[in-house]
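I would like the entire structure built from these sequences, with the hints used as guidance.
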Amino acid sequence: MPANLKRSRRFAFAASALVAVAALSACSSDSATDSDAAADNVKVVGGDASATAADRLNIADQWVKTADAKAGMTAIFGTITNTGDQDVVVESAKTSASDTTELHEMVMKGNEMIMQEKEGGFTVPAGGEHELAPGGDHLMVLNMTEPIEAGDEVTVRLTLGDGSTQEFTALAKETTAGEEKYDTEMDMGDSDEMGEMEDAAK
Amino acid sequence: MSQPPLSRRRLLLGGGATLAGGGLAGAAAGLALSGNDSPAVSQVVEEAKGSENVAFYGVHQPGIEDAAQAHVRFLALDLKPGSDVEHVRRLLRLLTDDAARMMRGEVPLAANDPELPALPSRLTVTFGFGPGLFDAIGRPDDCPDVIRNLPTFATDQLEDRWSGGDLLIQVCSDDAVPLSYALRRLTRDARSLATVRWCQSGFNPARGSEPAGTTHRNLFGQRDGTANPPGATTEFTDTVFSTGPDWLKGGSMLVFRRIRMDLDDWDDLGRPAKEMAMARKMSDGSPVTGGSEQDDPDTAAVDQNGFPIVAQEAHVVQATARVPEERMLRRAFSYDDGPSADGKPDCGLLFAAYQADAAKAFVAVQTRLAEADAMNEWITHIGSATFVVPPGCAEGEFIGQALVG
Ligand code: HEM
Ligand SMILES: [Cu+2]
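Protein chains in written order, with UniProt numbering: chain A, 1 to 202; chain B, 1 to 405.
What the hints contain is simulated information worked out from the structure, not anything from laboratory work.
Glycine residues also receive a C-beta, built at the ideal position from the N, C-alpha and C atoms.
Just the calculated beta-carbon pair ranges, DEER-fashion:
1) 108(A) / 47(B): 41 to 51 Å
2) 199(B) / 136(A): 31 to 41 Å
3) 232(B) / 123(A): 47 to 57 Å
4) 82(B) / 127(A): 48 to 58 Å
In silico negatives: residues of chain B with every beta carbon more than 10 Å from chain A:
5) 176
6) 203
7) 232
8) 243
9) 304
10) 319
11) 363
Listed below in structure tokens is the structure:
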């Protein structure tokens, strides 16, 4: 199934990103010069501070659901807030966990909740927030080849409407949240991540 | 006894708890009186304390300098067999994040029941590392010898079920409900990486039953904690916190002992005998030789027949630090897991001593107590566990990061 969803991506940063972030967070014990250098790097990633959408966007309470490699996919949640006076659109996402991440929403089809790609991305309203939560919108990590285990950190990079990017790490937590709501007998086009995970576990 | 470096008879003011609303005034009940011309009604408004919280991030871990809360659970975990540094790192990352959030009064990540942790009531979560954790991360030699091999004492009757552990989590709160939630969520996040070795619950007098700063009573009825170093002093820092190696700077060592009290015998003991065993009065904890609670007993005082008033075997006489390195913070709680089917009590003390170096403090003092403490008649050490308490951490770090990497 992941093959159906394959897309060409603008950049490949999967495995190396996690290492980069680990180096950043370790810099508290480094010399001041090293820390300064690291801080400069962060700014470069976000672009010009005053001008970009990334500068107005904050992410809080972000986490990723643990998944084994067999499941091959999982979801990332959190609350995105926009402190600016213009809407910000999250257009795409990449993570250190795989080469493919999609922006998903949950919709009612017939009498079933299914998930599908969100047309036009997630819009974070000016001065408002957009919640990614089990049973609702989420970042869908696909094509995973390595498991995500409890306590792992996954680096996520969001690309926004103006081309700027926002990076954060999500902590992996084990939960069955949301799973009870979904039908496990879903066909691939409207795949259901939780149902698929249960199938994979059988 | 006049040893200037040990003078510590100051009022205990408690540690770094933040009063979420109202400042110190909120701790006392506010009295609102009606005006003269309205009906004679008065209203007593007591400020709720549930929202008081303690900061998690900082130089030191919480739950040490903070005045002991009303409830505690000590949870000892064992890492799963085959655990390595990566497993430990994941475990500590999870537990640190949980602790920081719940101490703020928030749910852990992925949880959706904000009502349960909302009123933390000075919730604190404190982590300690046992020898097995040092082994798992491949740094066995960094575990201090006293933590790996605490000496045994002649009076010990230690049971495995109350002893040892790779990782200790001390969870305290003035309210048993947020404490229960915090302990449960921490355990839930730990269980893919560790198993529960033991869990011991304890308590102190209810918050507010006496004015803040009053020394707690234990289940013998004694004021217990009088001689502790007052919080926010250099005496406290010197007594409790380690100065090195780097990864331990600002950390501490914890000796945890489960000490059973023989309460049936104690009940029937005359009050003079009870007071002689401690050299302090049952009523207010003041020395049997006079003075106030904060004074030391006068070991030179004699009665009208010329006999010493203070017995050499009195607990306080034997326990008092003879050199500054012997000082410790006793952050103790009572336990009551009885009665048994035949009506016998199962009570005692969850003795938790924090000190910069347990080899110089606990071991030295307990060596004297095991030999000569009059209290040995009514107490038995039945559990023992020792932990290195890493320093606190900053946001974005996890507890023990400087050691575990
Ligand atoms: C069930 C066991 C114990 C009980 C009921 C108990 C009770 C007390 C009481 C009532 C005091 C006097 C008030 C105070 O300063 O806190 C005291 C003092 C003290 N106890 Fe204990 N204690 C016990 C075990 C221990 C152990 C195992 C140690 C250490 C190895 C210890 C060390 C001390 C020290 C250092 C003092 C202060 C002495 C001073 O400087 O005045 N106690 N204890
Ligand atoms: Cu999805």
